[in-house]
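Visitor: Heads up: the sequence lines are chains R and G, in that order.
Here the first sequence is numbered in this note's numbering, starting from 1 and rising by one per residue.
Here the second sequence is numbered in this note's numbering, starting from 1 and rising by one per residue.
It is worth saying that the hints were derived from the structure and are not from the lab.
Fair warning: there could be bad hints in the mix.
Pairs count within a copy or across copies, as identical chains cannot be separated in the list.
[To be verified] Straight-line Cα separation of at most 30 Å, DSSO-like style, residue types lysine-lysine; simulated pairs: (1) K23 <-> K392; (2) K376 <-> K7; (3) K376 <-> K177.
There are 2 protein chains.
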Amino acid sequence: MTYPNFKFEITHRVQSSRARLGKLYTPHGVVETPAFIFCATKAAIKGATVADMKRENTQIILSNTYHLMLQPGPEIVEKMGGLHGFMGWDGPMLTDSGGYQIFSLGHGSVAEEVKGKRNSQRPKSLLKINEEGATFKSYIDGKRHTLTPERSIQVQRGLGADIILVLDECTPFNVDKAYTERSMHMSHRWAERSLQEFRRGPEGVQALYGITQGGIYPDLRKCSADYVNSLPFFGHAVGGSLGADKAQMEEVVDMAMEPLDPSRPTHLLGIGGVSDVFYGVTHGIDTFDCVHPTRLARHGGALVQPHLLDSKGKEHMNLRNAKYRDDSRPIDDSCGCQTCMTLSRSYLHHLLKAGELLVMHALTVHNVHFMNRLLKAVREAIATDTLDQEKKKWVS
Amino acid sequence: MTYPNFKFEITHRVQSSRARLGKLYTPHGVVETPAFIFCATKAAIKGATVADMKRENTQIILSNTYHLMLQPGPEIVEKMGGLHGFMGWDGPMLTDSGGYQIFSLGHGSVAEEVKGKRNSQRPKSLLKINEEGATFKSYIDGKRHTLTPERSIQVQRGLGADIILVLDECTPFNVDKAYTERSMHMSHRWAERSLQEFRRGPEGVQALYGITQGGIYPDLRKCSADYVNSLPFFGHAVGGSLGADKAQMEEVVDMAMEPLDPSRPTHLLGIGGVSDVFYGVTHGIDTFDCVHPTRLARHGGALVQPHLLDSKGKEHMNLRNAKYRDDSRPIDDSCGCQTCMTLSRSYLHHLLKAGELLVMHALTVHNVHFMNRLLKAVREAIATDTLDQEKKKWVS
């Protein structure tokens, strides 16, 4: 199986790790990897326009199939020219399969940053999982829906993102190895059904990613990697439980990546803190997504390099802090985002205190720019094999 | 008393009414009048950046002294370079005196569009009005504040808008003639105290507007106009109660404007529906302000010309309406705003249903563009003395 109009080109590798530079060609443009994918969950970046996203150097965004299949429905999006036409975004896009929200959230809310924290129990809206698929209640009107691997692909065909994902079961964090293994095999069968459904669609319009499973178990990670490697996916995503904390997460990413076919672009699902980006690229991750930068912005947090912070271990400035009340400096005077070019910490602090909408926009714009700047710095550091030195500027 | 760096030039008059074209020169640029002034109440346009405002052809914005004196306080704003520096807006600005919110709202909420509807009782936060000024409780922390004519000018000096207003008592709508007359005379004495305080400040930085009072009583309107005409204000604002409904409002504006010195720029406080603009300019109004366009946007309403609406008498499209669900057209295909250039009614409907922040931005941008386009059309119609014909395109 081929993917006309798509190509993944690895342009540079380093000796010291699996880090690499790439070019991911899609019908809507080329993504320089490693890259960050911003979440436009319901076909909108919360707090920024697509023009803002472009201006702040965004390469690629994603939307969530779960939310859009319920509202407005894939037929509407398709009629409006797919997500690209609907949103007015002309760059590359990705959609997920919808599975993650059904299995782990169920209420249309956003994911926790660290996967281990979120999967402790099933949502009440999840009614049934079996070989056929998953049945759940809509968070909007309570109606029953069944999402099968085939249906997920059909919906994603309607949405029209460049990169689409197979449906997998997202297991809760606390399941044992036996459950993880059974679930992995079912996800593998779902992946084949997804692929079969995908083949029925037009060629060269979308590219399908498989998802590697296996939880925190090295042998299952190996087994799952061998399986997805053997199927003609264009790329891979690292899915399944990544463990309980950041340390375990890095371990699991390592064991997941080691056996994966390195010629395919690989996405790390739902992870995108600053330190995560550094260990991710070191293990060969090409793309990241996370709601964190845009969600943090809506709560008054601005992502900054550690030299701008008093306390260690933090990755953002809380502009609600009273010390910014009369601070005339921008968030970061080395930042070229629209917010830092025009607004002071004092003004942003005032907007937060006053409950003004505008501050969500201002901080979203900054955090988007920050992530794009971070990934650009990471790409430059890979080019010169100086990732360790670069990391010191971004992580305390 | 002179106003260096300020000038009001009447460039064209029509025969059929008091409508005129003007150029209002300020230290931050020239305003072509008639013009609409958008409300950045707490030093922020709700839902739009200053870059958005510029792009959509905005000439001038205002902020509210009442809100800003409580949060963040005029000292902070002054330290950050005044409102212009604080907000990053480099065009002309106006501030009100703070009186309106104290006398009529008290809770930091926004004004009703039609003045007659809103002034039926005093807010609980207003503790005392006497010759000295008004004492009220802060809506933020309950602290007592006294606003005197002198204090209002001092605060507005700190805020640094180009055009500032004298403190006046805003009488409730339901007061009788005796109260209106007593209040008018007190407001006149306050106006003189405001002027005296204003003279103590630097010349050529700000221009002071007097406010004409007199409620719905022709003899009081005449008396107040004579009074403000006699004092060296740079411009005037039409204040006080304008009556119970739109018909009476036009009558009152007529009786207020007739005796006012026509050589001074004149502002109509808090009024700015589409039909209001037409009768306002006919009676010689040069500038309008109203929260309506931006507030309406936050509730899903897009200002449009009547030919785009099914029902008569309305001035906006409610994009929550299910009929827009699969409507691929922009709000108005003759509109050049960023929203109409890029987004469909269907998408805006989806964003409203999904509760996405972005829609407030999209509709604010449209409504700002609409008002600026309306005022431009009005100016062109005055130039050719075709206001009546033009009105038919905008008011059903």
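Visitor: Each of the hints needs a verdict: does it hold here or not?
Guide: Now for the hints, and whether the structure bears them out:
In this assembly of identical chains, the alpha carbons of K23 and K392 lie at most 30 Å apart only when taken from the same copy (26 Å versus 56 Å across copies). Within a single copy, K376 and K7 get their C-alpha atoms as close as 21 Å, which meets the 30 Å cut-off; across copies the closest is 51 Å, which misses it. For the homomeric pair K376 and K177, neither the shortest alpha-carbon distance inside one copy (39 Å) nor that between copies (70 Å) is at most 30 Å.
Comparing the model with each earlier hint shows a violation of hint 3 alone; every other hint is respected.
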